[in-house]
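K.L.:
Put the complex together from the two separate chains, hints included.
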Amino acid sequence: MSAIPAFFPKRNRAVVCLCLLLAAIAAMVGLSLARHTPASPGLIPSAFAAHQPSPKLWPISIDYPEDGSIFPPGITPPTILWRDAAGSSWNIDIFFAGKTPPIHIVTGGERIKIPPIDPETVRDTNKPPTLTTEQAAMWTWTPDGPTWAAIQAHSVSAPATLVISGMRDGRTVLSQARSAFTTSPDPVGAPIFYRDVPLMPTPGVNGVVSPLAPNAIHLIHWCLRDIRKPASRVVLKDMPTCANCHSFSADGKTFGMDIDGPANDKGLYAVVPVQKHIAIESKDMVHWNADGAIGKSRVGFMSQVSPDGRYVVSTLAGPTLDLRDSYYVTNFVDYRFLQVFYPTRGILVWYNRATATRNPLPGADDPRYVQTDGVWSHNGKWIVFARAEARDPRQPGQPAALHSNDPNETQIQYDLYRIPFNNGKGGTPERIVGASQNGMSNSFPKVSPDGKWIVFVQAKNGQLMRPDSKLYIVPFDGGVARPMRCNTRLMNSWHSFSPNGRWMVFSSKARSPYTQMYLTHIDENGNDSPPILIDNTTASNRAVNLPEFVNIDPDGIEEIEVHVADQKAIAYARK
Amino acid sequence: MPISKIASHLHHGPRGSRFSGLATFALPFAIAILAPNTLFAAPICVPPPEMKTRLQHAPTADDYSDLGLWFASHEQYDCAADAYAASLQTDPAQKNAPRVIFMFGSSLYLSGDIQEAIPALQEAERNGYKDNRLHLMLAAALDSTHDSAAAEAEWRIALAFDPEITSALDALSTDLLNDANYASVIDLLDNPRVLPQRNPTQCTNLATAYERTGKPDQALEVLRNGLNTSPDSAPIAAQLAALLIRGDQNEQAAAVLDIALSHNPDDPHLHEAFGTVLARLNRMPEARQHLERAIALGDANPEAKDNLAKVLKSLGSNP
Chain A
1 MSAIPAFFPK
11 RNRAVVCLCL
21 LLAAIAAMVG
31 LSLARHTPAS
41 PGLIPSAFAA
51 HQPSPKLWPI
61 SIDYPEDGSI
71 FPPGITPPTI
81 LWRDAAGSSW
91 NIDIFFAGKT
101 PPIHIVTGGE
111 RIKIPPIDPE
121 TVRDTNKPPT
131 LTTEQAAMWT
141 WTPDGPTWAA
151 IQAHSVSAPA
161 TLVISGMRDG
171 RTVLSQARSA
181 FTTSPDPVGA
191 PIFYRDVPLM
201 PTPGVNGVVS
211 PLAPNAIHLI
221 HWCLRDIRKP
231 ASRVVLKDMP
241 TCANCHSFSA
251 DGKTFGMDID
261 GPANDKGLYA
271 VVPVQKHIAI
281 ESKDMVHWNA
291 DGAIGKSRVG
301 FMSQVSPDGR
311 YVVSTLAGPT
321 LDLRDSYYVT
331 NFVDYRFLQV
341 FYPTRGILVW
351 YNRATATRNP
361 LPGADDPRYV
371 QTDGVWSHNG
381 KWIVFARAEA
391 RDPRQPGQPA
401 ALHSNDPNET
411 QIQYDLYRIP
421 FNNGKGGTPE
431 RIVGASQNGM
441 SNSFPKVSPD
451 GKWIVFVQAK
461 NGQLMRPDSK
471 LYIVPFDGGV
481 ARPMRCNTRL
491 MNSWHSFSPN
501 GRWMVFSSKA
511 RSPYTQMYLT
521 HIDENGNDSP
531 PILIDNTTAS
541 NRAVNLPEFV
551 NIDPDGIEEI
561 EVHVADQKAI
571 AYARK
Chain B
576 MPISKIASHL
586 HHGPRGSRFS
596 GLATFALPFA
606 IAILAPNTLF
616 AAPICVPPPE
626 MKTRLQHAPT
636 ADDYSDLGLW
646 FASHEQYDCA
656 ADAYAASLQT
666 DPAQKNAPRV
676 IFMFGSSLYL
686 SGDIQEAIPA
696 LQEAERNGYK
706 DNRLHLMLAA
716 ALDSTHDSAA
726 AEAEWRIALA
736 FDPEITSALD
746 ALSTDLLNDA
756 NYASVIDLLD
766 NPRVLPQRNP
776 TQCTNLATAY
786 ERTGKPDQAL
796 EVLRNGLNTS
806 PDSAPIAAQL
816 AALLIRGDQN
826 EQAAAVLDIA
836 LSHNPDDPHL
846 HEAFGTVLAR
856 LNRMPEARQH
866 LERAIALGDA
876 NPEAKDNLAK
886 VLKSLGSNP
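These protein sequences, in sequence, are chains A and B. Per the numbering used here, the first sequence runs over residues 1 to 575. Per the numbering used here, the second sequence runs over residues 576 to 894.
Keep in mind the hints are simulated off the structure, nothing from the lab. If you're wondering where the values come from, they're calculated on a predicted model, not measured in any experiment. The C-beta atom is built at its ideal place from N, Cα and C for all residues, glycine as well. Treat the hints with care, since some could be wrong.
Derived DEER-like restraints, expressed as beta-carbon distance ranges [claimed, not checked]:
| no. | chain 1 | residue 1 | chain 2 | residue 2 | range |
| --- | --- | --- | --- | --- | --- |
| 1 | B | 822 | A | 136 | 43 to 51 angstroms |
| 2 | B | 807 | A | 341 | 39 to 47 angstroms |
| 3 | A | 127 | B | 637 | 27 to 35 angstroms |
| 4 | B | 637 | A | 208 | 44 to 52 angstroms |
| 5 | A | 131 | B | 837 | 41 to 49 angstroms |
| 6 | B | 628 | A | 110 | 35 to 43 angstroms |
| 7 | A | 208 | B | 668 | 22 to 30 angstroms |
| 8 | A | 407 | B | 875 | 36 to 44 angstroms |
| 9 | B | 807 | A | 333 | 30 to 38 angstroms |
| 10 | B | 876 | A | 482 | 48 to 56 angstroms |
| 11 | A | 122 | B | 754 | 58 to 66 angstroms |
| 12 | B | 701 | A | 136 | 51 to 59 angstroms |
Anything over 10 angstroms on all C-beta distances counts as not near chain B; from chain A, calculated [unchecked claim]:
| no. | residue |
| --- | --- |
| 13 | 58 |
| 14 | 134 |
| 15 | 324 |
| 16 | 438 |
| 17 | 483 |
For reference, chain B alone in the conformation it holds in the complex (with noise of 0.2 angstroms):
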């Protein structure tokens, strides 16, 4: 979105001005666009009692951007969305420019406003604004929209500035599992500045990429690792127990679901896979009494009922 294209968005665009309590704030833009409905759908934008005077005597780009900081330390995103854009529109050419357009783009980001705001993010970036937040902001916006190729590019720029993002390393890594490009998520997660700070989102993803390219035992590895670093994680527990299943590894994979338990002791799906990894061992009673807790907590997995069914059967009871 060039700059005019921004400038102009509160004339042609689907936002609202709704600053009030101006009664001479007297923008050409504002006025053009003030419908009734606006007002009375959207929040009211009061700007603070020290910033009015400004606002009703000529002001200023930068008058508009302090206003779109204000609005923006108050969480109010759509207000400050308005006053960055009142910012572009008084002076386009403004020396901060790429700044206000960054600050216009995540107002729309944060107001929940995602569409509008790939446009100015992308602006901001074209526009040469260097802030690690604005790759972190535009990545997570285009993950949102499906855009996963853009996103990813993103989330690449914003850890060649700081490898341990672990935000982008989760996005990153998700978005190149779904692409199956598990090599890369090898390359990204298997890092030494990334190792000691693997949380259980980055632990699963790159088990499954060594898992899906043939290296179950790196996989275990990982995840042992990442369930001693992180022993309340059910989808680490999870995910290994599974994985010891797979390799005949009926015990070692019961102790994991054990472990995990006792971290989560109200999770139904750990209680349901310890119940069935209990029945592949021929520990009925334990099995049953595992299968009926996760029923009971609300298990709506229909294979747990079978299974529990099966276990009654082999004790002798009726389900």
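The shape of chain A in the complex, shown without the other chains (with noise of 0.2 angstroms):
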């Protein structure tokens, strides 16, 4: 029993001890399974090495954890999936390198439960989540705390290799398969700000489809989550008005929102410090374009602060156009991939919160092209976007697209830029290569901390909320982009990396049409790993997207106030 952590449950001791006991009972009888060790010592530890699964055994499919991924530390215990044709019953064994002890589980197997639902949010035009056949099909385990922090523990400085073997009898093993995983030594070290949204698409009088009615925006909450934490905590909620994009600067210091304000104007941009308890007054709000100085839209579209807080980067639709000259808009009843939504025309704009002005970003204001989706690099001295050639948003006589993805959205393949911001002054854009002319849209970048890389959406027409979205990460100077490892099979996109550059958080559809949030470890090569689901975002009918990291401890905001909605509009949002 000495060789027993005592961190261990006390169940599982028992059959720890057995493991050692079959383990000893196989050596001396010659059955040693180290005799299958490959000659590959270097690359594999021979701890595990010798739980190859046998090629005459059937292969069990392990759909959760992906072999190679990497945990954040502290996470809460993922729930393992497998299918397996062949088992009634499964060994699971997870080994370690060295001379830990492994864990050996014996489990009947537990089938995928739904997670509740939330009754506000359930609607004609969508419907309850479900399991695809393949979720059906699967079998899940759950390592208690104690067990998850143990297999944490042991996993730093080498791969754990998970071993899930099949038996029919409870005796003889049919099937087999191994998955490796690490558990990385850097913390992910801040919160996720996201969005928790219904998918409620509501189809209106004259056939025109909301994405959500008027009288359903409060339901939208805003959260902040702590991956070490089993549940998420609402900051904001009940807003009595639509609150869209979000950015947090570098430091943590300032928040950015747009917010639709009285009246359902558009064009609000709300900038304030970060605290514990924030309050957003009208004192706080941004008119994009109140005077009409830039343009005639007045709406900022995909606004970023700078890693500073002292400016806001937006989107607007230029000098002479307004809102429905610049936005391809069309919304579907069909609530898994409800809006298609993306600019055709615009110019960066640039705000000076010191001196309250706005000004075109000279360089990435040419009425010739489409500019948009600007961010800023970590020392805030470039100004990475997206760029395609101007366009009408729809063409006389188009035919209206009837689903995500139809050939009759208007087509726009975007390239990235970046441009010098230069106090302002901005300078000439340059393409950014492995991000640009590729046959794809590429958009959504994001530098990260360190200025090494972009990571952007590629998609094969416009941009956000696109089923066929993959994440690819280039150099910051341009170079080869990758595919990245975390791509899932469904909707990649709305990433965000942690402060200390080493996560990322994005959102997909894999599992589920209600978006969910994963994780991703990024090295200093720009390698990632395999997608990481944070379970518990939200209700399983509620999807979770815009997630950004906040550069804050894991209780930095507790509560988000916004005033800037009048009566009126309160009594109408909840009625």
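P.N.:
As structure tokens, this is what we get:
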């Protein structure tokens, strides 16, 4: 018993004992699995190299965690998922490098249970979450807290190997698979701020679909999640008006957010200091274009606060255009992909908080192009943005798109560029090789905190919520772009780097139409790891999106209050 | 079928109106075709009492459409088709004509009158009716008449609306496979939105497409993954075993069939296949057991008996 670490839960100690005993007996009778050890000791730690699945055994499909996964330290216990045609009970063994004894569990397997739904967000236009055919066939095992802590503690310096063996009669092993994973020494180090939203498209009287009815806007929540905690904390809800893209300065001291404001004014942006109790008042609102000085449109798009919090960069339609001349927007009643939305004209503008002035950014204000998705480099010296030839959002007689990725969508493919900010004087835009002119649409760039990398989204057309979107990484100076290992099967976007640059959070619909959040580890060479699900971020019939790491303590924001809507709007919204 | 033709359908078509319990159901078309043999041969269409009054006094197109809906909701599709035809005849230019034509066509389809349903559904499509059920129903109807080119077009329209519709994926991939259009099968089924939902039909179709395009490894991967998702699928197991045998991987084929039999212990074909593979592996006593079981379960394949005879011979027994 002395070999068993004290942190094993009591019920596991017995099976660990049994495991060691069986191993000893097997060794005595010459059945040691070590004889199957492949001759690659330098690559595979010998402790678990013995447990390569035999080619004679039926291959189990381990769906989670994928081989090569890297977990952040302290993350809540993951649920292991596998499918197996052969077994009816399973041995789960986790082998560690060195002399750490393996963990051994015998399980009859449990099926996936769909977590509770939010009854307030059920509508005719959406469906309750269901299991896919694959998910319905999956078996699960979730280590308890102490067991997971032990697994994490022993998988930092070298990978742990998960071996699942299927048995038909509780004895004969018929099937097997393995998956190696590690625990990173790099902490995530910051909470994630995200939007938690119902998927309730609503057809209007004239057939025009709204992504969310005005009387349901108050159902949008904004949450903060410490990945070491089992649940998220809602910090903003019951908003009487719509809020969208948000951004925090790199130092975590300034918060900016699109807020529609009184009378559904879509031209407002809030910029406030970050504190435990944030109150957004009318005085905190920036009117993007109240005086028409930089064009007819009032609406800012994808605004981002500079790393030091002094400036905000945004996209406006341009000097002569209004909103309908500059955005392609189509909404559908299919709740799974309910909106297509991207600018076809626009210029970058920047706002100086000190002087309350707004100006176009020279070099990114060319009306021949749409210039959008402007983001700051780590040091605030560059702005990376997406650019394409400007075009009308719709051609006369253009058929309506009936679903996401319908060929009748207005076709636009963006290239990524960078331009020096140069204290607002701008400069000459430089095309980013690897993220441009590749037959795809390159959008939504984010610069890593060390300034070495740009992670962006690639899709066939447009940007935002594209079913085929994939994350790519390219050097900041341009080069060869690589598809990221963390990409899931379906929709990968809305990514954000952790302040230490070692983690990235993003959204995906891989497991459910109700979008979920995932993490990936990124090393100094830009290599990333398979996706790690952040569990329990919302009800199973709500989506989470726009995740953003915030450089604050996990409890650095407790509440956000918005006092910019009038009582009439509040009453209407709650009606 | 133009609206006017649909409206006159009951005058000249093969169908008869079978409304009863309406003493003053004074529809010209009903009187015109109310033949005794029709009355006796077909089910009686009895409207609900609450609708009788409306139908007795100058019924409108909407009244007939409501009646059609009532019959359809009671799964009396023959009667529903008649009612929708009456609606269209009463007012061919009614505002909801595309929908009523669709309801007419779908009632015909659900009543089993596929030949008449197709032109009606096509007319609804031409009139701009937008509902994915239209494309699904029309595609299924066209498939059943072996007009696979037209059916494929309708399946594709349905899948453009919703790429995850199982019936459309099953039928379209089968049609494409029959057309030897393997690349299109792969495009259709090796798709991120389809993968987590793939059922046994889609798995076997995709694997066949991979195998016939010279990619047996992809076929194996699809089938193995598919069997882990659908462990009780005998078709997936059988196709996987066959592929493994063709690749001279008899041990693995035996393992697959052993798994399949654990889920389908009374499937004669799996027993036969298992017995045959075991014989290839020279495991004759087990081979005999499974071949005998296959025959006992009703396997009529003469090869089962031939193989059993060979096994018995090798065991030194008489058949």
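K.L.:
Look at each hint and say if it fits the structure.
P.N.:
Each hint, compared with the structure:
1. Range check, residue 822(B) to residue 136(A): about 30 angstroms between beta-carbon atoms, so the 43 to 51 angstroms window is missed.
2. Distance hint check: the CB atoms of residue 807(B) and residue 341(A) are about 44 angstroms apart, consistent with the given range 39 to 47 angstroms.
3. A hinted range of 27 to 35 angstroms holds for the C-beta pair residue 127(A) and residue 637(B), which are about 31 angstroms apart.
4. Distance hint check for residue 637(B) and residue 208(A): the Cβ-Cβ separation is about 26 angstroms, which falls outside the suggested range of 44 to 52 angstroms.
5. The beta-carbon spacing between residue 131(A) and residue 837(B), approximately 23 angstroms, falls outside the hinted interval of 41 to 49 angstroms.
6. Checking the proposed 35 to 43 angstroms range against residue 628(B) and residue 110(A) shows it is violated: the Cβ atoms sit about 58 angstroms from each other.
7. Range check, residue 208(A) to residue 668(B): Cβ separation about 26 angstroms, and the 22 to 30 angstroms hint holds.
8. At roughly 50 angstroms, the beta-carbon separation of residue 407(A) and residue 875(B) lies outside the given 36 to 44 angstroms, and the hint is violated.
9. Here the CB-CB span from residue 807(B) to residue 333(A) is close to 36 angstroms, well matched to the stated 30 to 38 angstroms.
10. Residue 876(B) and residue 482(A) have their C-beta atoms about 53 angstroms apart, which keeps the hinted 48 to 56 angstroms range intact.
11. Take residue 122(A) and residue 754(B): their Cβ atoms lie about 42 angstroms apart, and the range 58 to 66 angstroms is violated.
12. Judged by the Cβ atoms, the range 51 to 59 angstroms given for residue 701(B) and residue 136(A) is violated: they are separated by roughly 40 angstroms.
13. Residue-level check failed: residue 58(A) sits 6 angstroms from the nearest beta carbon of chain B, not beyond 10 angstroms.
14. With a minimum CB-CB distance of about 5 angstroms to chain B, residue 134(A) fails to clear the 10 angstroms threshold, and the non-interface call is violated.
15. The Cβ of residue 324(A) sits about 24 angstroms from the closest Cβ of chain B, beyond the 10 angstroms cut-off, so the non-interface label holds.
16. The Cβ of residue 438(A) sits about 20 angstroms from the closest Cβ of chain B, beyond the 10 angstroms cut-off, so the non-interface label holds.
17. Listed as outside the interface, residue 483(A) is consistent with that label: its C-beta sits roughly 13 angstroms from the nearest C-beta of chain B, beyond the 10 angstroms cut-off.
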